[in-house]
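Based on these hints, arrange chain B on the given structure of chain A.
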Amino acid sequence: MNSKFERELSELLEQNIITSDTAQKITAYYHTKEEAKPNRLFTIFGVLGALLSGLGVILIIAHNWDEMPKNLKTIFAFLPLIIGQISCAYSFIKKKGGAWIESSATFLILSVGATISLVSQIYNIPGNFSNFLLVWIAITAPLMYLLRSNIAVLLHLVLITWYACELGYGYRSPMPWWYLPLLAWVVPYYIRLQKQEAQSNIAGVLNWLLPLSPIIVLGTFTSGDISSFLMYLGLFGLLYNLGELPQFKNQKLRRNGYTVMGSLGTITILMVLTFEWFWKDATRDSYEQINIMLTSIPFLAAFAVLIYVHLKKHVKTFNLFQYAFLVVGILYLTNHLGYIHNIILTNILVAALGLFAIRIGINKSSYAILNYGLLTITVLIVCRFFDTNLDFIIRGILFISVGAGFFFANYLLLKKQRKSVLENNTKEENNA
Amino acid sequence: MRNILTAFLFILFAVQLFVPAQMIYQQEDTLVTGTAYKFKTRPIDPTDPFRGKYITLNYELNSFQTNEDWNDYTGNVFVYLTTDTEGFASVETVSKTLLDNENDYVIAESNYNYTKTVNFNLPFNRFYMNENKAYAAEVSVQNAQRDSIKTCYGLVYVKDGTAVLDNVFIDDMPIQQFVTEFQNEN
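Protein sequence lines, in the order shown, are assigned to chains A and B.
Here the first sequence is numbered in numbering that gives the first Met the number 0, starting from 0 and rising by one per residue.
Here the second sequence is numbered in numbering that gives the first Met the number 0, starting from 0 and rising by one per residue.
Honestly, the hints are just simulated from the structure, not real lab data.
Just to be clear, a hint being listed does not mean it is correct.
What the hints assert, rightly or not - Cut-off 27 Å, straight-line C-alpha distance, at most; resulting in silico cross-link-like pairs (DSSO-like, lysine-lysine):
hint	chain 1	residue 1	chain 2	residue 2
1	A	Lys251	A	Lys311
2	A	Lys72	B	Lys158
3	A	Lys72	A	Lys3
4	B	Lys39	A	Lys69
5	B	Lys115	A	Lys69
6	B	Lys39	B	Lys158
7	A	Lys194	A	Lys315
8	A	Lys69	B	Lys37
9	A	Lys69	A	Lys251
10	A	Lys363	A	Lys415
11	B	Lys37	A	Lys72
12	A	Lys312	A	Lys194
13	A	Lys426	A	Lys415
14	B	Lys37	B	Lys158
15	A	Lys312	A	Lys248
Bound-form chain A, shown alone:
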């Protein structure tokens, strides 16, 4: 317990706000909480140690000791793997704590990569890098379930993202199909974590890492044409709607990567879609069947989640962000009727989303969300500054209006907060 808290506690006691009995209970509660802390620290340092030694082994191997005989090199190749396996088996059989499990799993995962690397090096096996990553991932993936290791999940996500980028990005690269089942492999573990330890640190980290991985990888499944934007919009719509599920929505915003990334991604893609070229090109492009299918998958998934949250009555108030992907989908399907109305409607949609964010910010008394909404409208106006033939006077007035909007909205929120503080104080005085 820190000294500041102790001072506060004695002040509360002196002012007779809490009884000495309550003060003792609070002290005892924080003491027990602190007792759990060293274990957590031990886990973190254990994992860091394993990570550093594992990476160190890989670097030493990369040096290539060409004066060493081949047989000896082969024995050394298996050494880190066997050490990792023994330490994992020991931690598992002896039912050691989290620190042991996490450290040994980390070391074993890195050792598997080191051993395959060294064997490839000794025998000059050519094999491309993505195949090497795929084998590495495949023979370490079950560890997360067998050892219940959280770090194994994190490393798995990092490795599959790396694999997909390595294989899928580049000229005429194939699509990394194996990424999809390898990502799905994590889901049961993640669901169990959400049910049993939703407030844990690792659940918070995964709430960011799990949506981030497909965002990075989705580009490998796109063909680089107009449909890529739609595919990303579908994914961001899916993420935003997942973030509206109660298990994520009831958490702090900083623990809900789905909502944050879904919202930022939707606005970014929609901002691109407000330009004329997108809708003009969309009328010209003809698509291959595979592109249409791949684009519709994230859209359909997002739509399914949207229906689910409605059926389960998780939606209490209307939130335009949840429907943005659907609006653009409909606009795209009606593009053959003419693109001008689509450009206008997309601009209106982005402005409406900006206003919506401002409303959410005021309701939740959050300066961050409020200014995010204002920033959205500002960027929209800046974009129109370049591609419309509006008079300089009108453009000037628009900018002044938004600038005034910034001051006014922030002032309103400040006033609202002051009012609620005053009301609370009056209530407390009346109660006293």
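Same frame as chain A, but now just chain B:
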């Protein structure tokens, strides 16, 4: 339940040991029972984040004049080998399919086909070296080939389509020894 998990854990350990062991077995089998071929080459020096420094071997043997018309020239091709009068590897024929041919073959990646000439990349083009020697290898071999008539070749063992690059030689001297001498002289 715990016993099942323990059994699964040990099965996984066995798989983790089997994968590199199987890689070693395949390579050793080819080295012991395969046929040795010398491929004329020139080395250059890049890096792999996990496996370290290596030299890429640009083989002289990279195309073959065929009389066949192929619709699709990408993908893998079977390169059937023979030996020329100087004792170096040469191509007997190149095919899209496995042939009833007694000669050894390697599987190469075809790049393009121009006037019925198939251009391909041989797969054994990486030779891992000590991190302090890889760049020196590139420079020393370049100098040697410029100053005098020296032949650089990769010794490759081939068996049933598996090819293992055993070592790289400059005029019958292993590249490691050649580079050490070059580094001592400079």
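To see whether the hints hold, each was checked on the structure:
A hinted pair counts as satisfied when its Cα atoms are at most 27 Å apart, and Lys251(A) with Lys311(A) qualifies at roughly 22 Å. Straight-line distance between C-alpha atoms of Lys72(A) and Lys158(B) comes to about 24 Å, which keeps the hinted pair within the 27 Å bound. A C-alpha spacing of about 57 Å is found between Lys72(A) and Lys3(A), which places the hinted pair above 27 Å, so the restraint is violated. The hinted pair formed by Lys39(B) and Lys69(A) meets the criterion: a straight-line CA distance of about 25 Å does not exceed 27 Å.
Only pairs whose Cα atoms come within 27 Å are accepted, and Lys115(B) paired with Lys69(A) is rejected, the gap being roughly 43 Å. For the hint linking Lys39(B) to Lys158(B), the alpha-carbon distance of about 19 Å falls within 27 Å, and the restraint holds. The hinted pair formed by Lys194(A) and Lys315(A) meets the criterion: a straight-line CA distance of about 23 Å does not exceed 27 Å. With a CA separation close to 21 Å, the supplied pair Lys69(A) and Lys37(B) stays within the 27 Å bound.
The suggested pairing of Lys69(A) with Lys251(A) is violated, with an alpha-carbon distance near 56 Å, which exceeds 27 Å. With a C-alpha separation of about 11 Å, the suggested pair Lys363(A) and Lys415(A) falls inside the 27 Å cut-off, and the hint holds. Distance restraint check for Lys37(B) and Lys72(A): the Cα-Cα separation of roughly 25 Å lies within the 27 Å cut-off, and the hinted pair is therefore satisfied. Under the criterion of a C-alpha separation no larger than 27 Å, the hint pairing Lys312(A) with Lys194(A) is consistent with the structure, at around 20 Å.
For the hint linking Lys426(A) to Lys415(A), the alpha-carbon distance of about 17 Å falls within 27 Å, and the restraint holds. The straight-line distance between the Cα atoms of Lys37(B) and Lys158(B) is roughly 14 Å, inside the 27 Å bound, and the hint therefore holds. For the proposed pair Lys312(A) and Lys248(A), the alpha carbon gap of about 13 Å is at most 27 Å, so the pair holds.
Consistency note: the structure conflicts with the earlier hints numbered 3, 5, 9.
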